[in-house]
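**Student:** As a plain string of letters, each chain reads:
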Amino acid sequence: MNRGTQGLTHAETDSAVTLKGAAVRQDGFALGPLDLSVPAGMVTAIVGPYGSGKSTLMRLLLRLAPCEGEATVLGQRLAPDSDVRLRERIGFVSELPHAYENHLTADEKARFASLWYPGWSWDRYERLMRAFDADRTKKLGKLSKGMRRKAELAVAMAHDPELLLLDEPSSGLDPSAWKILLDELTRYMDQGDRTLIFATHITEEVRRLADYVLFMHRGRCLGLYEKDRLFEAWRVLAVQRVEGTAGREDAARLLKQAPGVQGAQEAGPGICRIETDALEETEAYLLSAGYRILSSQRMELEEIMACLVRKGEAGR
Amino acid sequence: MGRGGLWIPVHIDENRPEPLYHQVEVQLRGLILSGQLAEGTLLPSIREFAADLRCSAITVRRVYQDLENEGLLRTRQGTGTFVAGIDQSARDEFRLGRVVEAFERAVETGLQLQCSREEMERIWREAYARKKAEADGDKGEQR
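Protein chains in written order, with the working numbering: chain A, 1 to 316; chain B, 1 to 143.
Calculated from the structure, these hints are not laboratory results. Quick caveat: nothing in here was measured; it's all calculated off a predicted structure. Errors might be hidden in some of the hints.
Derived DEER-like restraints, expressed as beta-carbon distance ranges [stated by the list, open to error]:
#, chain 1, residue 1, chain 2, residue 2, range
1, A, Asp193, B, Asn15, 30 to 38 Å
2, B, Gly78, A, Arg124, 15 to 23 Å
3, A, Tyr50, B, Asn15, 53 to 61 Å
4, A, Gln257, B, Asn15, 39 to 47 Å
5, B, Gly78, A, Leu115, 31 to 39 Å
C-beta: ideal position from N, C-alpha, C; glycine also.
Sequences and hints are given; from them, build the entire structure.
**Tutor:** So, in structure tokens, the structure goes:
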């Protein structure tokens, strides 16, 4: 296993997934059109409220949903006649388990998977099942949600896929199983050339695992950000006019004119509360425009999401 | 980290204005140059360290690469990233550099408050004697 820096360097330039005007229209839900590029060798977290299109996006990548526009996965353009072997290079755990597998045990499901995936390793499967302390003899339909999750994760990772798609991977897991999952995903990514895309609404998972964050809302992409830059650049500022007070008109003007400002409100007598995604530019503008900055705080993921959603709604 | 990797005492202060990678880099450089991380120590993998720090692998990779370019780390393909051998003069330079910084700040304060050179020298001698006695006393008590 490569524990060093090399593994990550070349992969970054490539994309694991490229979408150009990709869209899904199905059952009254519309996803896209999406234009984005998910970097290979990296962990990308998809966040967004329920119904924002996270699961449909995964189904699109797996060709489980009919796709308009262009989609390229692991260098292969998705088309009705494209190579079925692409699916062998992907591991997937869906948000909800499949009812038709209820009568199988984990080992029986693994036996099917071992026939399908050329990269299958029984050693890897055994190791993961032991690490998760997953049950292998009861039928999947009889297992608790968390216990079934652990078995599904072990099966999905046992062929060491190039791309791992996990839809709400930790749903149903207790805290110790959750910690083991994070360790196993870290180990998986340590190989350097693997790509993980996971949908989640758990902030701590994003903090610990992700390199990039993809925000989604109502079937649209609200932005793909490098995580550390995201938390560095997004700030909430309290500002005041050096002379006189800042009122509602100031908030409206700053929202329109100041670079980087994503949201602005009057927040008390003479004080504006400003959300920015470009701290330095906003600060420079405010100082030159006669404002004083009273405080500057980092924003949590939920606050950034709320701000992006508000902006997206306003632009609709 | 559950995989037995070394835990590196680096602390990120989210409210500081410096970018994350800078905070991690300064602290890791300090741990190496002060000798707290000995030559040959295997560092956590980029992914493990990123998970510990709750930052992205991109940030940790940048820190490892910068410190490798400075000669403080080296990476062996397939094994990992290690603390490199650092000569004594680089360590001394780092050690004395921190003391010089602290003295410069004290002198700055003195000059701002119109202290004369004689006053500052007297303050230094007294402070040294006091702190040295305290330090020796502490050692005595521990015994």
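**Student:** Look at each hint and say if it fits the structure.
**Tutor:** Cross-check of the supplied hints:
1. Asp193(A) x Asn15(B): 30 to 38 Å: Check passed, 36 Å falls within 30 to 38 Å.
2. Gly78(B) x Arg124(A): 15 to 23 Å: holds (19 Å)
3. Tyr50(A) x Asn15(B): 53 to 61 Å: At 32 Å between Cβs, range violated.
4. Gln257(A) x Asn15(B): 39 to 47 Å: For Gln257(A) and Asn15(B) the Cβ distance comes to about 28 Å; the hint is violated.
5. Gly78(B) x Leu115(A): 31 to 39 Å: holds (32 Å)
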